[in-house]
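**Q** One letter stands for each residue in the lines below.
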Amino acid sequence: MAEVTMKVNGKTVTKSVKGNTLMVEFLREELRLTGTHVGCDTSQCGACTIHVNGKQVKACTMFAGEADGAEVSTIEGQAAPDGTLNAIQQAFQDHHGLQCGFCTPGMVMAAASLLKDNPKPTEAEVRHHLEGNICRCTGYHNIVKAIMAASGQDVSGIAAE
Amino acid sequence: MPKDNGIGASPKRREDVRFLTGAGQYTDDINVHGQTYVHFLRSDVAHGTINKIDTAAASEMPGVVRIFTGADFEGVGGLPCGWQVTDKDGNPMKEPAHPVLAQGKVRHVGDPIAAIVAESLEEARNAAEAIELDIDELPAAVDMKAALQAGAPLVHDDLGDNLCYDWQFGTDTETVDKAFAEAAHVTTLELRNNRLVANPMEPRVAVGDYARANDESTLYTTSQNPHVIRLLMGAFVLGIPEHKLRVVAPDVGGGFGTKIFHYAEEAFVTFASRQLNRPVKWTSTRSEAFMSDAHGRDHVTTIQLALDADNNFTALRTDTHANMGAYLSTFASCTPTWLHGTLMAGNYKTPAVQVNVKAVFTNTVPVDAYRGAGRPEATFSLERLVDKAARELGVDPVALRRQNFITQFPYATPVAVEYDTGDYNATMDTLEKMVDRAGFEERRKEAAARGKLRGLGVNCYIEACGIAPSNLVGQLGARAGLYDAATVRVNATGSISVMVGAHSHGQGHETVFPQVVAEMLGIDESMVDIVHGDTSKIPFGMGTYGSRSLAVCGSAMVRATEKIINKAKKIAAHLLEASEGDIELKDGQFSVAGTDKSVAWGDVTLAAYVPHNYPLEDIEPGLEETAFYDPANFTYPSGAYACELEVDPETGKIEIIQFAAADDFGNVVNPMIVEGQVHGGLAQGIGQAMLENCAYDENGQLLSASYMDYAMPRASDVPFYKVDHSNVTPCTHNPLGVKGCGEAGAIGSPPALVNAVLDALNGGGYDVAHIDMPMSPSRVWQAMQG
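Those sequence lines, one after another, are chains D and H.
Under our numbering, the first residue of the first sequence carries the number 183, and numbering increases by one thereafter.
Under our numbering, the first residue of the second sequence carries the number 67, and numbering increases by one thereafter.
To be clear, the hints were calculated from the coordinates, so they are not data collected in a lab.
For clarity, every value in this text was computed on a predicted model and none was experimentally measured.
Where a beta carbon is used, it is the ideal one built from N, C-alpha and C, also for glycine.
Do not rely on the hints blindly, as some may be mistaken.
Unchecked claim - Residues from chain H shown here face chain D by an in silico Cβ test under 8 Å; the list is partial: (1) P77; (2) K78; (3) G88; (4) D95; (5) V98; (6) E268.
Stated by the list, open to error - Pair ranges (Cβ atoms, derived): (7) D:K197 <-> H:A123: 32 to 40 Å; (8) H:R80 <-> D:A269: 52 to 60 Å; (9) H:G226 <-> D:K200: 52 to 60 Å; (10) H:T254 <-> D:S225: 44 to 52 Å; (11) D:S225 <-> H:R80: 48 to 56 Å; (12) D:S225 <-> H:A216: 45 to 53 Å; (13) D:D264 <-> H:T798: 46 to 54 Å; (14) D:A269 <-> H:H836: 42 to 50 Å.
Said to hold, decoys possible - List of simulated lysine-lysine pairs, DSS-like, C-alpha gap at most 27 Å: (15) H:K511 <-> H:K499; (16) H:K154 <-> H:K415; (17) D:K302 <-> H:K78; (18) H:K788 <-> D:K302; (19) D:K193 <-> D:K298; (20) H:K633 <-> H:K78.
Please put together the full structure from these sequences, using the hints given.
**A** Below is the structure:
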């Protein structure tokens, strides 16, 4: 067991964890931040995507101990304290970018990372950035549309025919 | 003008806020105080005799609570099959035992052998490695046709062979043979409908929680139909009466059919929690999902079409082998028969149609319904065949389809169903415009100049949804009714909770269902909430599958709301001192016809619960009504789909240029959600046609058991889709006139993509009759080499 201290969604937490505790287990079981999901065991699906020190990370690919001293952001930290959705979350709702909601936290976190580095991505850039996030419900149409809309681009021409 | 509320509007989904903020409550998010964890030791061979399971050392490992094996389930029921299919000689299908934990033999990779319950998951996994297992590996039955040969390894020794049933349906053999003998042209196609894994992003989870004090069991599980699980598990497996068993399916992260079925793991945690008097939790890994979730499709079919000299279809004959896997999953038997054979006429007025299906046991994971369930297999076979016929005859594939379309409704097919409405030419007209079919040959030339082979594939589809009249399906072998139920509970101040049997796991019921009730009553949608997913709260409904939620459960909700209106009118008549027949309900106000006297919705609901001025001698207080709705027929959504793509002749790689879907779903309650359902279905159909394949080797080893081996569609594999649902022929027999839209995309899209690849190749001078799915670069390239 080792003690780890990190700032999660702006709040400092200190916990004692076993060395083999994955970051995603730490978030879900120790902190009960269950918005970060587990959809596979091979780091392919992206449902556990979070930000560590501002970078997009799959929380199944790191140990909790590796986040000692880090600033961590999860889906639970995205909306304003009064519950107002951020621009990406709002765009996902406005454009029906989610159905069952299971991949959604990872999609929102991945989208935030993309838009931080590339504020006006093309459709191809959005699709390429989502390479590590699998959705089985939406066919990606409305996810891509929502992310482009969140970047301030006009998506009214995108066919829903 | 688009509406901003009620039926036909697209309000933002109310469920989204919790999903977008991480506040959804999926089954794995549920921890019960004092819970234990179970890990299943699963077979790593396809077929074998269990000589010994020695758990002595493992039981002494740290944290182990108890290890269960098949011996602990002797005398306990096996997992039941919900549909009895009768073969062509009138005999019942063979129905092998399906124990919760393997007894004597293992029959597929992933078959659970032992269940280790421990204080932590890590301890359970560690202990599993200490179990001494002695299994004699046996030769495996993997290929379906080989499995039916004499001397093939027997999946179930007591059955004598691997044939579950040999089913024949439709027109008699003599008539069909005569039509083929007299045909001017016969087109024959052999094809495989590739085996798939549904892969909802949330793996299955089950938590069993037993309260000894009142002898009550609760099962939290990832299910599309909690009441079905309660009935099957309670009555047939564990012998727990319904009133002592609560099944909760909270937020469920996608289903696509694979979460319909009753699985061993949920029976296990319920059983073990009673034995141990402690909660037991199981969370599937993705690898476990690949080897324990029921798979989909896996048909091998020979299909033949007879045409006369004028290219009219005169007869159709199919011969299909359908893989059941090692055991019969809950609805495995009806998928290749009643959900497949009955759709084999497609959109065409072919006068003679005969369907033959041999269901085969193999040493593979059980196969059951996956999005579309039988209908994608029927559509793919037929629509590939018609395209092949057009190419052989040198006629336009769309013209050949149009010539043979059913145009008069209702239409009784030779395969037992009666289509109530449809307009297949209308959806085809729309589709041709959506993809600019007229301009395609120019685009093909332009692509050729760039060295690319461009193809346009078109097909149509018909499906049967909203399953179905209970008395009919009972005659066909269903062991359950297929109605659904809704309770509309009006509260004293006028707000409403609607308890529904349907389960929402992505479909947006929490948004859509209130649109209907609010419109009927003329009140704001925010006053109506939906309650679903908990057998202790909802009436006995059959759940969500087969695109049935709105058509069946929504109809029950309409009927219950009508009862509410009838009673509320009686109350309003009393309050207004008027005759009941003169009361009108509009915009949430009850008024007396021809007068300015009215009373508001909230006044009537309050009177129902505070019945001081109330006709107590005539009606009871309160305002709560339940309706069970049993549909009179299936619904028949239909449409036309097209895929335009380019093949790189150097590599065989496909790039989709455009994909269009023109559907007739009948009336549409929420266009935004309908379009989303089609998008998702298209991606799954494109996945089947282009990427996905569940593969076994000849020894029955599962080769595709992770996302590193099974190619799920990614964002960059698919385009923005063009979808249209403006052609509306309302369903004639349900109150909303709706047909269902959940599966259409997955049913209609695979043949369009494959037809497009073949159009590209043949248009580029490559004489290729067929390529089996998925259209991977290597398969396409190899086909081009001749």
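**Q** Confirm or reject each hint.
**A** Comparing the hints with the structure gives:
1. P77: 11 Å, violated
2. K78: 5 Å, holds
3. G88: This interface hint holds because 2 Å falls under the 8 Å limit.
4. D95: 4 Å, holds
5. V98: 14 Å, violated
6. E268: Holds, because the Cβ-Cβ distance from E268 (chain H) to chain D comes to roughly 4 Å (cut-off 8 Å).
7. D:K197 <-> H:A123: 32 to 40 Å: 34 Å, holds
8. H:R80 <-> D:A269: 52 to 60 Å: Violated - the Cβ-Cβ distance for R80 (chain H) and A269 (chain D), about 20 Å, lies outside 52 to 60 Å.
9. H:G226 <-> D:K200: 52 to 60 Å: 53 Å, holds
10. H:T254 <-> D:S225: 44 to 52 Å: Given range 44 to 52 Å: holds, Cβ gap about 46 Å.
11. D:S225 <-> H:R80: 48 to 56 Å: 33 Å, violated
12. D:S225 <-> H:A216: 45 to 53 Å: Distance hint for S225 (chain D), A216 (chain H) holds at roughly 47 Å.
13. D:D264 <-> H:T798: 46 to 54 Å: Cβ of D264 (chain D) to Cβ of T798 (chain H): about 49 Å, so the range 46 to 54 Å holds.
14. D:A269 <-> H:H836: 42 to 50 Å: 48 Å, holds
15. H:K511 <-> H:K499: 20 Å, holds
16. H:K154 <-> H:K415: 25 Å, holds
17. D:K302 <-> H:K78: Since the Cα atoms of K302 (chain D) and K78 (chain H) sit roughly 25 Å apart, the hinted pair holds (cutoff 27 Å).
18. H:K788 <-> D:K302: OK: K788 (chain H) and K302 (chain D) at ~24 Å, within 27 Å.
19. D:K193 <-> D:K298: 22 Å, holds
20. H:K633 <-> H:K78: Violated, because 32 Å separates the two Cα atoms, which is more than 27 Å.
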